[in-house]
Amino acid sequence: MNRFILSRILQAVPTLWVIATLTFFMTRFAPGGPFDAEKTIPEEIKVKLHSHFGLDLPLFDQYLLYLKNLLQGDLGPSFKYPGWEVSELIGSAFPVSLTLGLLSLCIALLIGLPAGIIAALRQNTWLDYLPMSLSMAGICLPSFVLGPMLIFAFSTQLGLFPPLGWYGATDWVLPSLTLGFFYAAYVARLTRAGMLETLKLDYIRTARAKGASDWRIIFGHALRGGLLPVVTFLGPAFAGLISGSFVIETIFFIPGLGKFFVTAAFNRDYTMVLGTVLFYATLILMLNLLVDLLQAVLDPKSRSSS
Amino acid sequence: MYSHRLNNLLLWPASLALWFLLHGCTQPTNVEIALDEQILHFGLGAEPQHLDPHLATSVAAHNILSALLEGLVGEDPKTLKPVPGVAHRWEKSADGLTYLFFLREQAKWSNGDSVTAHDFVYSFRRILNPSLGAQYASMLHPIKNAKIYHAGEKSWDESKVGARALNDHLLEIVLEYPIPYFLELLNHYSWFPVHRPTIEQHDAYARMGTAWTRPGNFVGNGPFSLTSHRINSVIETRRNEFYWDADKVRLQGIHFYPIESVDTEERAYRSGFLHLTQSVSADRIDYLKEKYPGELHCEPYLGTYFYRFNLQSPPFDDLRIRRALSLSINRERLVDKVLKGGQLPATTFTPPGTGGFFPTPKFPYDPQLARQLLMEYLDEKGLERLPPIELTYNTSEGHKKVAEALHGMWKDTLGVEIRLLNMEWKVFLSTISRGEFSLARAGWIGDYMDPHTFLQMWRSGDGLNMTGWSNQSYDAALARAETSVSPEERMDHFQTCEDLLATEVPILPLYFYVHLTLRHPSVKGWHPTLLDHHPYKHVYLATEDEQ
Amino acid sequence: MSRETSSSLGREAWRRLRSNRMAMIGLWALACFSLLSIFGPLISAFSYDQQNLDRVFEGPGVEHWFGTDNLGRDLFARVTHGGRISLAVGLLATLVSLVIGVSYGMISGYTGGRIDAWMMRFVDVLYSLPFTIFVILLMVLFGRNFLLLFLAIGAVEWLTMARITRAQTMHLKKAEFIEAARALGYSHGRILFRHLLPNLIGPIIVYATLTIPAVMLLEAVLSFLGLGIQAPMSSWGSLIKEGAEKMDAAPWLLFFPGTFFCLTLFALNFVGDGLRDALDPKTSKD
Chain A
1 MNRFILSRIL QAVPTLWVIA TLTFFMTRFA PGGPFDAEKT IPEEIKVKLH SHFGLDLPLF
61 DQYLLYLKNL LQGDLGPSFK YPGWEVSELI GSAFPVSLTL GLLSLCIALL IGLPAGIIAA
121 LRQNTWLDYL PMSLSMAGIC LPSFVLGPML IFAFSTQLGL FPPLGWYGAT DWVLPSLTLG
181 FFYAAYVARL TRAGMLETLK LDYIRTARAK GASDWRIIFG HALRGGLLPV VTFLGPAFAG
241 LISGSFVIET IFFIPGLGKF FVTAAFNRDY TMVLGTVLFY ATLILMLNLL VDLLQAVLDP
301 KSRSSS
Chain B
1 MYSHRLNNLL LWPASLALWF LLHGCTQPTN VEIALDEQIL HFGLGAEPQH LDPHLATSVA
61 AHNILSALLE GLVGEDPKTL KPVPGVAHRW EKSADGLTYL FFLREQAKWS NGDSVTAHDF
121 VYSFRRILNP SLGAQYASML HPIKNAKIYH AGEKSWDESK VGARALNDHL LEIVLEYPIP
181 YFLELLNHYS WFPVHRPTIE QHDAYARMGT AWTRPGNFVG NGPFSLTSHR INSVIETRRN
241 EFYWDADKVR LQGIHFYPIE SVDTEERAYR SGFLHLTQSV SADRIDYLKE KYPGELHCEP
301 YLGTYFYRFN LQSPPFDDLR IRRALSLSIN RERLVDKVLK GGQLPATTFT PPGTGGFFPT
361 PKFPYDPQLA RQLLMEYLDE KGLERLPPIE LTYNTSEGHK KVAEALHGMW KDTLGVEIRL
421 LNMEWKVFLS TISRGEFSLA RAGWIGDYMD PHTFLQMWRS GDGLNMTGWS NQSYDAALAR
481 AETSVSPEER MDHFQTCEDL LATEVPILPL YFYVHLTLRH PSVKGWHPTL LDHHPYKHVY
541 LATEDEQ
Chain C
1 MSRETSSSLG REAWRRLRSN RMAMIGLWAL ACFSLLSIFG PLISAFSYDQ QNLDRVFEGP
61 GVEHWFGTDN LGRDLFARVT HGGRISLAVG LLATLVSLVI GVSYGMISGY TGGRIDAWMM
121 RFVDVLYSLP FTIFVILLMV LFGRNFLLLF LAIGAVEWLT MARITRAQTM HLKKAEFIEA
181 ARALGYSHGR ILFRHLLPNL IGPIIVYATL TIPAVMLLEA VLSFLGLGIQ APMSSWGSLI
241 KEGAEKMDAA PWLLFFPGTF FCLTLFALNF VGDGLRDALD PKTSKD
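Protein chains in written order, with this note's numbering: chain A, 1 to 306; chain B, 1 to 547; chain C, 1 to 286.
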């Protein structure tokens with residue numbers, strides 16, 4: 001097991017290096033620079049700004065300098081907000097996205113798991129059709145439609161929750177619901193499919209024949225099998241939650257990482273873009289490792305395939 | 001075998017829903033609480049890049065800096081005319097070149113230090129210091145010899161820059177040439193003072209990107225001081241007890257929210273989260289006028305929305321085509337049907353009333369003449385029709401709407417095919433500055449109340465020109481306006497400039513900006529002004545019955 | 001010999017599909033929406049970019065079946081035109097991901113050994129990239145090219161296709177008819193494309209049908225960020241975005257494109273599920 005973890009960590013290093021290089025050169029080759037503004041800057045000032053940020057060095061030197069700083073853990077200052085370090089900004093934004101992601105995941109599981117289980121156990125009844133139709137809606141309805149609907153209903157009209165922001169706990173509800181709904185739908189479908197698979201297996205029929213109650217069947221036997229596809233889905237899903245949250249963050253005005261990333265790309269804030277991309281990539285690599293470990297625990301058969 | 005206990009699983013989502021509905025139980029909104037707390041919740045529209053007045057460039061920065069700092073003069077809340085600020089009076093020499101500012105003794109920084117004339121000289125030095133790289137340093141070029149110092153060849157003393165502190169509370173400024181609007185200029189944040197000990201403590205004199213502007217470090221002399229700054233979230237300010245006029249200030253604090261999405265901002269306003277929005281989407285005007293009468297405000301704003309031609313890109317090298325396009329635009333219709341915010345059609349480049357200038361309307365609507373000119377051109381060139389024209393604009397719903405409307409008008413009147421090309425802001429800027437466009441959207445907001453801020457752009461070779469248009473008569477008229485002392489003469493010269501723009505059509509003025517905003521009725525002491533400046537010290541929150 | 005088997009398998013699969021009610025409804029719905037998208041703009045009296053500034057924000061009526069938008073453009077024309085764009089993007093991007101993914105997966109699975117290991121490791125690495133982020137970065141940095149849109153979106157989805165194809169290829173590699181073909185001296189290329197590929201069609205089609213909705217959603221998200229289709233053209237995604245903003249003032253602007261979009265996605269999902277059930281007897285519903 002330790003060798004497995006170690007080899008994965010070692011694999012991560014060249015991966016991150018490739019990502020850093022790719023992103024670095026992609027951003028530099030794009031048209032537009034961080035200091036283009038409508039009130040065109042006099043040349044001398046532009047030169048000054050460029051030299052302050054080291055943009056006057058040859059491109060390859062800048063690249064090497066960046067790598068060197070990176071190895072020391074220095075992500076550099078943000079180009080767009082010069083008084084702030086990229087690591088500070090990521091540090092303030094990440095907990096926000098993390099909370100949003102975790103809450104959405106909780107909602108997804110709290111709604112999706114029971115829905116999927118019931119649908120599987122009461123297959124082809126209304127207890128199956130209803131959750132599955134709702135989940136279909138969840139998959140097909142974009143969050144930038146659901147979000148404003150929820151705000152309109154529960155905030156503007158009913159005044160139950162704040163319409164935007166991330167200042168207190170009440171701010172968490174609507175955004176997490178919007179984001180969570182989508183994933184709840186997926187979780188429900190996957191759970192149902194996984195449970196149906198497992199329920200057909202012989203040992204389940206044996207248990208039923210022996211008179212075991214529904215509860216016993218679910219928690220004693222089928223759930224493991226039902227959970228497996230959900231766990232496999234969770235890794236990329238969580239990463240998707242964090243990276244895909246920019247839509248939610250724009251609608252609900254949440255100072256999360258997704259929003260920082262998109263704004264940085266639009267602003268040609270090179271250091272910020274690089275910082276966020278590397279951060280995400282590291283996060284996803286770690287999550288995938290965790291998910292693989294979890295999978296190995298749940299399903300011994302998959303251990304050998306790594 | 002139907003287990004009742006199975007149905008307990010249904011309780012999960014059911015109780016979740018119940019908790020969800022019960023929990024909310026109507027919360028008091030920001031606007032409601034503010035009546036007691038006297039905190040103004042302000043939609044800023046964008047996260048300011050710099051809170052350093054010598055580095056700032058945006059409207060967002062202005063809105064915050066005018067709370068945290070104060071210059072030599074202040075503004076009347078209704079007319080924006082100069083009123084005493086840090087200087088309680090001033091004297092001007094007969095030739096209009098020398099100003100003496102008498103600073104008040106009670107003016108203090110937010111840490112209790114006194115504000116002195118030396119602070120102002122230090123601040124001017126800082127922004128003009130070439131090593132700082134301040135984008136707005138040229139605002140101080142009217143000071144005698146400031147340009148020489150800024151060029152970096154000589155030191156401050158060698159250059160003999162015309163700004164010096166005669167004593168702690170007497171500041172003398174000598175100008176290069178007399179400027180009628182000099183006192184108005186002083187309201188721009190580039191002229192604001194900074195606290196020397198703070199700057200030096202953070203080694204920020206000639207460096208950008210230091211920590212001096214963070215809450216806890218920032219020291220200002222304005223009615224409010226900075227207490228909290230979370231990027232993309234909120235900027236909080238509280239009443240500054242050391243401000244010399246603190247007794248007059250009724251607000252206890254201002255919270256600025258940098259919400260970029262105009263829809264999100266509207267939702268925020270409608271849910272009572274904000275008192276003021278930075279803007280309103282044009283499509284929502286009719287609906288909001290109906291639903292929130294008296295809260296939607298369309299206030300004239302000192303700015304012109306226009307399109308730039310690239311005179312080096314055919315067919316725009318030919319005056320007839322430029323005229324044809326201009327004559328086919330029904331500006332009235334554009335303003336009434338598409339924009340609907342009470343904007344005024346722009347029949348000149350400078351908005352009427354700017355610093356007392358009322359240019360004669362030109363840029364008419366004449367589709368027949370337009371077609372005639374087009375036919376002339378096509379016949380002469382032996383063409384069936386014009387090749388498709390590329391119209392470049394930066395991504396925004398508003399710009400898209402205008403571009404699409406004009407696309408319709410040109411298609412109908414001239415049968416011309418227009419290709420709409422939108423690109424995001426950075427790409428747009430670099431494309432325009434490299435001249436890689438035919439026809440591009442543009443806008444200009446006046447920095448001060450004088451036609452000069454608008455007409456100076458079209459001088460040959462000016463950094464903001466970018467059309468490739470160069471006209472000696474124009475340059476001459478502009479130069480004369482800059483140096484004449486008589487207001488009537490100045491206006492005459494500016495009129496000559498406008499006439500030339502109308503005859504040569506290097507640009508297509510479309511409309512004059514209107515500042516669209518939603519403002520809650522409980523905000524008092526807030527008056528519409530052409531520059532959208534609102535001195536916060538006069539603002540307070542009250543319901544209709546109270547005062 | 002293999003052809004006979006596959007056609008009777010095919011007929012068997014078709015029979016199973018036809019008995020799946022939801023899948024058949026989905027298939028009919030897809031046909032309807034496609035026809036509407038192709039012919040809608042032709043039967044409409046208005047063009048999708050025809051403005052009428054005197055008739056903005058009108059509700060559905062006799063002249064404008066779906067109502068008008070903020071510039072007085074006919075919504076029916078715009079929704080059907082948008083359908084063309086959205087479906088085109090969906091199909092083309094999926095095609096891109098298919099071509100890349102299937103070729104990659106087949107070659108990797110067939111070759112086996114170290115090359116296969118490295119190829120799969122590469123896929124694993126790419127899998128761990130926040131792909132949406134790269135797509136956004138690409139679109140922001142390099143501009144709004146229609147072609148780039150397909151390529152970028154298609155590039156996001158090929159990985160899973162590659163994995164599935166590889167798994168199937170490895171399974172089939174050992175089958176008798178492949179060994180027979182090799183014994184007969186057929187070239188690898190011929191084996192890959194004339195023998196393996198036809199047997200992979202099943203899972204490929206299933207996966208493709210399920211990729212299209214994902215692609216369309218991704219296009220909608222890009223429209224939300226302002227990175228999608230250029231004005232005055234529209235896609236369902238950009239129409240929905242505009243409609244969502246004006247939900248309370250002009251609900252039809254959201255309702256019609258939203259319904260088309262959601263129902264199409266539903267249909268694709270049902271058909272995809274149905275195909276999966278039909279082609280793989282082990283996961284039958286009863």
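Each hint should be verified, as a subset may be incorrect.
Straight-line Cα separation of at most 16 Å, EDC-like style, residue types lysine to aspartate or glutamate; simulated pairs [claimed, not checked]:
1. B:K81 <-> B:E397
2. B:K401 <-> C:D124
3. C:K246 <-> B:D95
4. C:K246 <-> B:D263
5. B:K340 <-> C:E179
6. B:K160 <-> B:E184
These stretches of chain B come out as covered by chain A in the derived footprint (C-beta under 8 Å, 3 or more residues) [to be verified]:
7. 223 to 232
8. 258 to 268
Hints were generated in silico from the structure; no laboratory data involved.
Ideal Cβ positions, reconstructed from N, Cα and C, are used throughout, including at glycine.
- Would you list, in rising numerical order, the hints stated earlier that this structure does not obey? Result: hints 1, 2, 3, 5, 6 break, sorted rising.
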